[in-house]
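So the protein lines, in turn, are chains Y and U.
Residue 1 is where the first sequence starts when you use our numbering, and the numbers rise one by one after that.
Residue 1001 is where the second sequence starts when you use our numbering, and the numbers rise one by one after that.
These are computed hints drawn from the structure, not numbers from a lab.
Since the model is a prediction, treat every value here as computed from it, not as a measurement.
For glycine and all other residues, C-beta sits at the position ideal for the given N, C-alpha and C.
Treat the hints with caution; some may be incorrect.
[As the list claims (entries may be wrong)] With a straight-line Cα cutoff of 30 Å, these simulated DSS-like cross-link-like pairs (lysine-lysine) come out:
| # | chain 1 | residue 1 | chain 2 | residue 2 |
| --- | --- | --- | --- | --- |
| 1 | U | K1091 | U | K1427 |
| 2 | U | K1368 | U | K1540 |
| 3 | U | K1427 | Y | K376 |
| 4 | U | K1499 | Y | K299 |
| 5 | U | K1460 | U | K1533 |
| 6 | U | K1188 | U | K1091 |
| 7 | U | K1347 | U | K1091 |
| 8 | U | K1216 | Y | K243 |
| 9 | U | K1540 | Y | K170 |
| 10 | U | K1532 | U | K1070 |
| 11 | Y | K243 | Y | K320 |
| 12 | U | K1216 | Y | K85 |
| 13 | U | K1188 | U | K1348 |
| 14 | U | K1216 | Y | K376 |
| 15 | U | K1144 | U | K1361 |
| 16 | U | K1446 | U | K1500 |
| 17 | U | K1353 | U | K1181 |
| 18 | U | K1080 | U | K1368 |
| 19 | Y | K320 | Y | K93 |
| 20 | U | K1499 | U | K1473 |
| 21 | U | K1361 | U | K1327 |
| 22 | U | K1500 | U | K1533 |
| 23 | Y | K170 | U | K1446 |
| 24 | Y | K85 | U | K1211 |
| 25 | Y | K299 | U | K1427 |
| 26 | Y | K376 | U | K1211 |
[What the hints assert, rightly or not] So the derived label-pair ranges between C-beta atoms look like this:
| # | chain 1 | residue 1 | chain 2 | residue 2 | range |
| --- | --- | --- | --- | --- | --- |
| 27 | Y | T242 | U | K1500 | 32 to 38 Å |
| 28 | U | L1122 | Y | G316 | 42 to 48 Å |
| 29 | Y | N213 | U | L1235 | 30 to 36 Å |
[To be verified] Sample of chain U residues facing chain Y (criterion: CB under 10 Å; computed from the structure):
| # | residue |
| --- | --- |
| 30 | N1209 |
| 31 | W1237 |
| 32 | N1238 |
| 33 | V1369 |
| 34 | T1495 |
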Amino acid sequence: MKRRIFLQKLAASGIILPVTLGFPRLRAYAKVPEGSQFMQLAAMNSDKITILIRLAGGNDGLNTVVPYTNSEYYTLRQSGEIFIKQEEVLPLKGSSTMGLHPALAPLQTLYNENKVAIIQNVGYPNQNFSHFRSTDIWLSGTDANVYESSGWYGRFLEETYPDYPEVLPKDPFAIELGTYLSSTLIGRDNNMGIAVGSLDYVPGQPDEDILANTNAGTEELYVKDIIKQTNLFSNSIIQAGTKQTTNKVQYPSNNALATGLSAIARIIMGGLQTQMYIVNVNGYDTHNNQLPTHAALHKLVADAVLAFQRDIEAFGIDKKVCIMTISEFGRRANSNGAGTDHGSAAPMFVIGSGVNGSIIGSDPNLNSLEGAGNIKMQYDFRQVYASLLGQWYNVKESQYIPSALPRAFAQLPIFKSTGTGIQDAVFSSLKIGQNYPNPASTKTIIPISGISFGTEAQFFLSTVDGRTIHTENILPGNESITVDISNLPPGSYSYIVIYGQSRYVGTMLVHR
Amino acid sequence: MLKFSMNRRSLLTLKKDIQNQHPIPLTQQGNPEHLQRTTAGLEQYTPSSLEPWNYERAAHLLRRASIAPKNSQILDAVTKGFESTIDMIFKTFSVDISEISPWCDEDPQIKPIAPKTVQDILDERIQRREIIGRWYLKVIGTSKISIQERMVSFWHNHFVSEFDVVDIPQWMYIQNQLFRKNCLGNFKTFVQDVTIDPAMLMYLDGYKNKKIGNNKQINENYARELMELFTCGVLDWNNNPNYTENDVLEAARSLSGWTISPSTHPDAIERTSRVGRSGLFLQSNWDSGSKTLMGKTGNWRYTDIISILFSERSDQIALYICEKIYKAFVYDIPDRVIIRALADEFKKDWEIKPMLMRLLKSAHFFDKVNLGAMYKNPIDYILGSLHMLNITHIPDFALNEMSRFNRDVYNRLISLGQSIFDPPNVKGWPGGRTWVSTSTISQRHKFMIDIINGTISFNKIKYYDFDPIVFAKSFPDPTNPRTLCTDICNAMLNTAPSKKEYQMLLDTMLDGAKEYEWTIDDPKFQADKRLKKFLIEVAKLAKYQLY
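Working from the sequences, and respecting the hints, build out all of it.
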């Protein structure tokens, strides 16, 4: 998997619309009753849109956000010279140690405009090194020891729209470009998204005949559902594509991602209310021939993303659209002589006008690698998902736990909006301060006030991967919580106070 | 609508009992809540008056075991009888390579030999890449009734290499022939051969996996996929891991030392071929240190670790492979009782043919529950439709000129998600329900409309030439619209249309005329137009996607 640089067989022709690696589910569609309203896609109280770009194959984090002042990096990558030369690295303001791969210059531009959040060392506990298993974990949002074929966003949609598919939305909930629908968009019982390639023929409506009580009958039902779905959503997509036939900026040519993103920009502008788009870019499995392959991929993605951002800015819709990148793992810190083998934690990017431009997290620690040479995770990828749901889509935890994510994950300050969950009227009196001392080694104190008589709040202390290690109730009149941390291993922890619908998240450090 | 969902629900309740008896965790089964099971096992199917050897069963066997049989071939198999048809299916044959033979075995000249330039080599490679793809398509499209090409494509989707990565047409050809040679042979030998196959050495970086002196460049790519995808899989049936990360590393070290060079390389002590460019083992590139794989320590090479794998994980390998075979021939949701029985025999000697034969001759394979529930992949769909409709290809799979027909088929396969020689990743095409999506269903329907109406042409030459009258006349009684409708449905569909569907089809065929007015001989009646509309409706039925 080296020279392949294109989206999953995405038809490069004009209108993109209705084209999956999971096992698609069986679902049943009801007819929309005459005269009734379509379900509005407003259950999230948000008009926000996310473009998820999956870098399939395992993106090498160290040659993406490069620790270019760290001599250990150059030592680890010496064999075959699989490193980015210091003088070629693009510096990132605010950091004297981390810079971008030279082919990511368009992202540097956006970073300088405070539109890029880089979240360092993202992974999950007990990293799995199989492409397919690790992809399943990232797409399902489950723990590494849980086998789940549905996806976190699919389950979230299922929970949010319980009447689906008895009541249908006017526009698809989510769209994936290509011939397959990956498990991200698959719920426990229903496919919650549709795959879209090129659309030049809309099949007719199948009949509603009673089906044989055999496996053949079951599969026939599945095909009929696909046909109905195609019919249903094709029209709204074609309509949006017809309303807006041009882009505001020139996208790079010979760039399949750019072709896909330009089409997405047009249908968003054309009024489609879909809130999640997924595009896949293959080829990141750089065991071999890494430098040229990886540079070409970085260029492809960065060029396309910049054009898209400028386009939606020109359209004036940039405040409601963000881009997020995911990959099943980063790569081994040390070179194998021609490339790098499967690794663990790596940076993620979240890009857009609604993003807090910053680097979140510390530099990868190259002096303390795990196993065969893997970077320790600092943040769980589900903290990023939780931030997206909470801050971007303005969704409360009760709406996605435990359906989409198994438990609460401490959010990270990725978006400018913090969501409105905290502004709940009755419970808005709560005030939480930063813990002190911080960092701390034996005990630390968290100031707290504003809990009304007759109510109580819950306090949680959790590890960065979201495991709760301590909880207690906070009663009215308490002015602080003292936490004994003498038994905790050094590192970063989150403390969370939940009060009614409000929620406060802080981060504390344990040092010794 | 109410009827529809009630029907689905009752279907679910019925299946619950069967599901509960199933010994495996639900998540591992795919989609078990809708599962129908049969008690029919691996005992041999014997034709009887209750379960006769008829068109339906012959079509079931030929469509799944062979690829895209013609109506005449299915009728022929009915006449021949069950045992003779099985014998025919398991006969292999050699394929015609005359159109590519001048160069398919040659050294692909990575560095050009004068007077050729680098550009010449690249141009030639791009052209030959398409020719190799179309050659393979022609081999499948013109194959006799045999399991050979079905198995070649099965192994291609198991021991995956992608043209996009390998890039050298000769190596994809050599690998394709390797699949043909081993397709019904010994699985352990097969794994050894694939491990040092040039395309595979290229695809999973085996050629870069080396240790020269103290310079260690151990590349884990092949070692990991050898265990994860090619033999035992990640987990056993109890969800215990089949190997550790250290096993991957130690296997990678044992696999080191192979490269791809002209076979004349003087230092090679083992090679895959004596001509052209070959997989070569160079002792000096091999990590000769002691390695420990699955508890076994020694100075291992590739054959050793494959032997260790096949002895230490024999049960897991047999179950993993038999499950994959089951899914390819019977149904996407595996029946673990059947798979366990197949695997227990398979692991004794790793012979593929007897295992396959046992499955395809079994009562389980022919049970009603397993008929018509598999998804046609794009090749089955496209070639199956063309063969069933007896559509003339213009020109017929020609290789020497750029055949527009062949190219159209080639491109259609891409738009349906099955680009010849280019699976999506090392795990291959996932198959099953994934073949039919909101994107591909419209492309599938459109293909049928194009071939039936003959709408695609270039310089007034049609790509597909279909004569519905000739087609109708290939059935016993084309003068009776009901009989004709029934016969065509039997041939084109694997499960009979419902009453409602049948009425809709018949109405489409008659198009307002009375049954007694039906004639195919009077041009004024325009039976050809009516038949075309009718055939498009047959192809648009959901069950046409299945076989």
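So, going through the hints one by one against the coordinates:
Only pairs whose Cα atoms come within 30 Å are accepted, and K1091/U paired with K1427/U is accepted, the gap being roughly 29 Å. This hinted pair checks out: K1368/U and K1540/U have alpha carbons roughly 23 Å apart, not beyond 30 Å. Restraint check for K1427/U and K376/Y: satisfied, since their Cα atoms lie roughly 28 Å apart, inside the 30 Å limit. A threshold of 30 Å between alpha carbons decides the hint, and for K1499/U with K299/Y the separation of about 57 Å lies outside it, so the pair is violated.
Proximity of K1460/U to K1533/U is assessed by CA-CA distance (about 23 Å); at most 30 Å being required, the pair is judged to hold. Among the hinted pairs, K1188/U with K1091/U is consistent with the structure: their alpha-carbon atoms are about 22 Å apart, no more than 30 Å. With a CA separation close to 24 Å, the supplied pair K1347/U and K1091/U stays within the 30 Å bound. A C-alpha spacing of about 59 Å is found between K1216/U and K243/Y, which places the hinted pair above 30 Å, so the restraint is violated.
Among the hinted pairs, K1540/U with K170/Y is consistent with the structure: their alpha-carbon atoms are about 25 Å apart, no more than 30 Å. Distance check on the hinted pair: K1532/U and K1070/U sit about 19 Å apart at the alpha-carbon level, within 30 Å; holds. A distance of roughly 19 Å separates the Cα atoms of K243/Y and K320/Y; the hinted pair therefore holds under the 30 Å criterion. The suggested pairing of K1216/U with K85/Y holds, with an alpha-carbon distance near 23 Å, which does not exceed 30 Å.
This hinted pair checks out: K1188/U and K1348/U have alpha carbons roughly 11 Å apart, not beyond 30 Å. With a CA separation close to 24 Å, the supplied pair K1216/U and K376/Y stays within the 30 Å bound. Taken as a hint, the K1144/U and K1361/U pair is honoured in the structure, with Cα atoms around 20 Å apart against an allowance of 30 Å. Only pairs whose Cα atoms come within 30 Å are accepted, and K1446/U paired with K1500/U is accepted, the gap being roughly 24 Å.
For the proposed pair K1353/U and K1181/U, the alpha carbon gap of about 12 Å is at most 30 Å, so the pair holds. With a C-alpha separation of about 22 Å, the suggested pair K1080/U and K1368/U falls inside the 30 Å cut-off, and the hint holds. For the proposed pair K320/Y and K93/Y, the alpha carbon gap of about 25 Å is at most 30 Å, so the pair holds. Restraint check: the Cα-Cα separation between K1499/U and K1473/U comes to about 25 Å, which is no more than 30 Å; the hinted pair holds.
Note on K1361/U and K1327/U: the hinted pairing holds, with a Cα-Cα distance of about 16 Å set against a maximum of 30 Å. Under the criterion of a C-alpha separation no larger than 30 Å, the hint pairing K1500/U with K1533/U is consistent with the structure, at around 17 Å. With a CA separation close to 25 Å, the supplied pair K170/Y and K1446/U stays within the 30 Å bound. Taking the CA atoms of K85/Y and K1211/U, the gap is near 26 Å; set against the 30 Å cutoff, the hint holds.
Our distance criterion of 30 Å between C-alpha atoms is met by K299/Y and K1427/U, whose separation comes to about 27 Å. Using a Cα cut-off of 30 Å, the hinted pair K376/Y and K1211/U holds, with the two alpha carbons roughly 28 Å apart. Checked against the hint of 32 to 38 Å, the C-beta distance between T242/Y and K1500/U comes to roughly 35 Å, which is consistent with it. Here the CB-CB span from L1122/U to G316/Y is close to 46 Å, well matched to the stated 42 to 48 Å.
The supplied range of 30 to 36 Å is met by N213/Y and L1235/U, whose beta-carbon atoms lie about 33 Å from each other. Taken as an interface hint, N1209/U checks out: its beta carbon lies about 8 Å from the nearest beta carbon of chain Y, inside 10 Å. Contact between W1237/U and chain Y, as hinted, is not supported at the beta carbon level, the nearest pair being about 13 Å apart and thus beyond 10 Å. The beta carbon of N1238/U is not positioned within 10 Å of any beta carbon in chain Y (closest approach about 12 Å), and the interface hint is therefore violated.
This hint holds: V1369/U has a C-beta 6 Å from the nearest C-beta of chain Y, less than the 10 Å allowed. The restraint placing T1495/U at the interface with chain Y holds, with a minimum CB-CB distance near 5 Å, inside the 10 Å limit.
Hint compliance for this structure: hints 4, 8, 31, 32 are not met, and every other hint is.
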